[in-house]
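A.B. asks: Line order of the protein sequences matches chains W and L.
Quick note: the first sequence uses this note's numbering, first residue 1, plus one each step.
Quick note: the second sequence uses this note's numbering, first residue 1, plus one each step.
Some hints could be false.
[Claimed, not checked] No more than 25 Å apart at the CA atoms, straight line, and that leaves these computed lysine-lysine pairs for DSS-like: (1) W:23 x W:50; (2) L:302 x L:266; (3) W:131 x W:23; (4) W:23 x W:102; (5) L:85 x W:19; (6) W:86 x W:102; (7) W:23 x W:138; (8) W:125 x W:26; (9) W:131 x L:368; (10) L:327 x L:76; (11) L:163 x L:110; (12) L:400 x L:327; (13) W:125 x L:386; (14) W:125 x W:83; (15) L:141 x L:163; (16) W:86 x W:19; (17) W:57 x W:90; (18) L:368 x L:85; (19) W:125 x L:400; (20) W:102 x W:50; (21) W:19 x L:397; (22) L:327 x L:266; (23) W:86 x W:125; (24) L:400 x W:19; (25) L:266 x W:19; (26) L:141 x W:131; (27) L:368 x W:26.
Everything labelled a hint here was simulated from the structure, so no lab data went into it.
If you want the building blocks of each chain, they are given just below.
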Amino acid sequence: MSFNNLDTLYRQVIMDHYKNPRKRGKLEGDHITVELNNPTCGDRIDLQLKVEDGVVKDAMFEGEGCSISMSSASMMTQVVIDKPVKDALKISEMFSDMMLGKEMEGYDFDIEELGDIQALQGVSKFPARIKCATLAWKAMEQGVEKDES
Amino acid sequence: MTNLDHVRNHFPILDQEVNEHPLVYLDSAATSQKPKSVIEALEDYYNRYNSNVHRGVHTLGSHATDGYEGAREKVKNFINAPSIKEVIFTRGTTTAINTVAYSYARENLKEGDEIVLTLMEHHSNIIPWQQAAKATGATLKYLPLQEDGTISLEDVRELVTEKTKIVAMTHVSNVLGTINPIKEVTEIAHQNGAVTVVDGAQGVPHMSVDVQDLDVDFYAFSAHKMCGPTGIGVLYGKESLLEEMEPVEFGGEMIDFVNLHDSTWKDLPWKFEGGTPIIAGAIGLGAAIDYLNEIGMEQIEKHEHELVQYALEQMNTIDGITIYGPKERAGLVTFNLDDVHPHDLATALDSLGVAVRAGHHCAQPLMKHLQVAATARASFYLYNNKEDVDVFVEGLKKAKEYFGDVF
């Protein structure tokens with residue numbers, strides 16, 4: 001009895017983000033807030049975004065959830081800060097493809113250069129956990145849409 | 001320990017490997033597995049006598065009607081209901097409770113009336129009452145939980161007053177395993193002129209339930225948690241109350257005479273069963289009841305009790321484990337292990353072939369009370385054995401080690 005393929009999911013870098021989330025806390029000043037939860041499991045994220053002139057200037061999150069949802073939130077904030085909104089949305093689409101195990105073709109980004117998010121690739125092999133990984137990204141998408149409206 | 005080992009062979013699904021390990025299914029509180037006899041009853045219906053019921057004169061139609069109504073008779077005997085008029089087939093526990101909340105509650109509640117619930121209810125026994133309260137101006141009152149996750153009859157006596165019109169309570173908590181004193185609560189409710197509505201989703205599958213002895217007014221349960229198919233459940237209600245209630249769904253099957261501007265309803269129980277009924281489902285439920293009777297509900301209850309006590313004993317040897325609920329409980333254990341999130345724990349166990357539930361178990365108010373966002377749950381049924389518990393506990397120890405290292 002052994003955890004033969006568990007290491008493909010729980011990579012060291014994921015655990016590091018879970019234990020030491022990079023942008024956990026509250027933003028000061030004007031910002032957009034999105035609260036999203038995963039009603040089937042109780043994961044919750046409270047994401048705050050500062051968007052100026054179509055660029056994500058800052059992002060922070062609070063919330064509770066499993067290692068996958070919280071590390072994904074930490075990695076997401078890292079990646080989108082200082083990116084134009086349209087790029088952030090493209091990367092989110094790319095992330096979603098990665099989760100579905102699809103080829104990430106036709107994007108102007110190289111997954112290897114997008115912070116640590118590549119470490120979450122293994123989630124695609126655990127279908128029950130994909131929703132955990134995408135929660136923060138959905139919150140980000142809703143946040144920037146709020147800014148546009 | 002009671003020996004129900006022969007039972008495992010009755011469940012074809014258990015004979016498989018999941019993630020290269022023999023399946024250990026510990027999620028029966030979510031849905032139970034089905035014995036061969038139930039699967040065959042469904043197959044037999046579709047292969048040999050699929051037909052609509054209560055109409056037409058052809059042979060298949062009367063065979064199907066016999067199957068459907070025969071299942072009602074089996075349910076009646078299984079819960080010791082006085083009459084088949086009091087056994088209404090619904091889509092499941094949720095629909096059964098909603099039927100009472102839509103029909104009985106909206107007809108009988110007014111502003112100032114109170115509905116008493118407990119903090120351990122499943123969402124399906126909270127939200128229908130929230131909606132009924134909003135529609136009528138009634139208010140909800142929650143019975144508190146004691147330290148060990150039980151309710152006290154003193155609290156019931158205090159909270160249930162002449163203002164109370166409905167006491168809605170689960171028979172067995174799907175999170176804590178608490179078995180509520182339904183008979184005593186019902187007595188208090190009746191002394192105050194209130195009716196009881198019992199969520200029996202975790203009750204009927206695991207213990208003998210006698211609705212006359214409990215004296216409950218309404219009792220709801222689902223087939224799929226008691227070896228039957230999904231999509232069918234039962235609302236038991238006292239005839240005198242059901243008689244006065246309006247149907248919730250209108251259409252075919254439930255009518256007596258239809259005129260241009262008004263219609264009359266069939267007798268009980270059919271006035272509550274609008275549309276072509278869940279024929280295959282009822283036949284499957286009938287087969288499930290036959291099966292459970294064959295094994296014996298007392299045997300099943302005893303087996304689960306021994307199993308859960310063994311599990312508690314073994315789990316308590318693990319450092320850092322938190323177990324929720326009382327010692328004397330139904331066959332399930334909800335827990336947390338150190339700081340490992342229940343999802344991560346459930347994924348780790350799944351990779352060993354062990355299926356447990358992780359999340360809020362559709363009981364968010366209870367999770368809030370326990371001050372946890374989520375928990376993991378292992379639940380047992382007649383086909384589980386000591387070896388299942390051993391594999392599960394071994395898995396917990398391994399997970400603790402694994403996450404202890406990587407976290």
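A.B. asks: Does each hint fit the structure? Answer for all of them.
C.D. replies: Here is how each hint holds up against the structure:
no., hint, result
1, W:23 x W:50, "13 Å, holds"
2, L:302 x L:266, "42 Å, violated"
3, W:131 x W:23, "21 Å, holds"
4, W:23 x W:102, "29 Å, violated"
5, L:85 x W:19, "59 Å, violated"
6, W:86 x W:102, "21 Å, holds"
7, W:23 x W:138, "17 Å, holds"
8, W:125 x W:26, "33 Å, violated"
9, W:131 x L:368, "23 Å, holds"
10, L:327 x L:76, "32 Å, violated"
11, L:163 x L:110, "10 Å, holds"
12, L:400 x L:327, "24 Å, holds"
13, W:125 x L:386, "31 Å, violated"
14, W:125 x W:83, "29 Å, violated"
15, L:141 x L:163, "11 Å, holds"
16, W:86 x W:19, "30 Å, violated"
17, W:57 x W:90, "17 Å, holds"
18, L:368 x L:85, "40 Å, violated"
19, W:125 x L:400, "22 Å, holds"
20, W:102 x W:50, "31 Å, violated"
21, W:19 x L:397, "21 Å, holds"
22, L:327 x L:266, "47 Å, violated"
23, W:86 x W:125, "28 Å, violated"
24, L:400 x W:19, "16 Å, holds"
25, L:266 x W:19, "63 Å, violated"
26, L:141 x W:131, "35 Å, violated"
27, L:368 x W:26, "23 Å, holds"
Hints 2, 4, 5, 8, 10, 13, 14, 16, 18, 20, 22, 23, 25, 26 from the list above are not met by this structure, while the remaining hints are.
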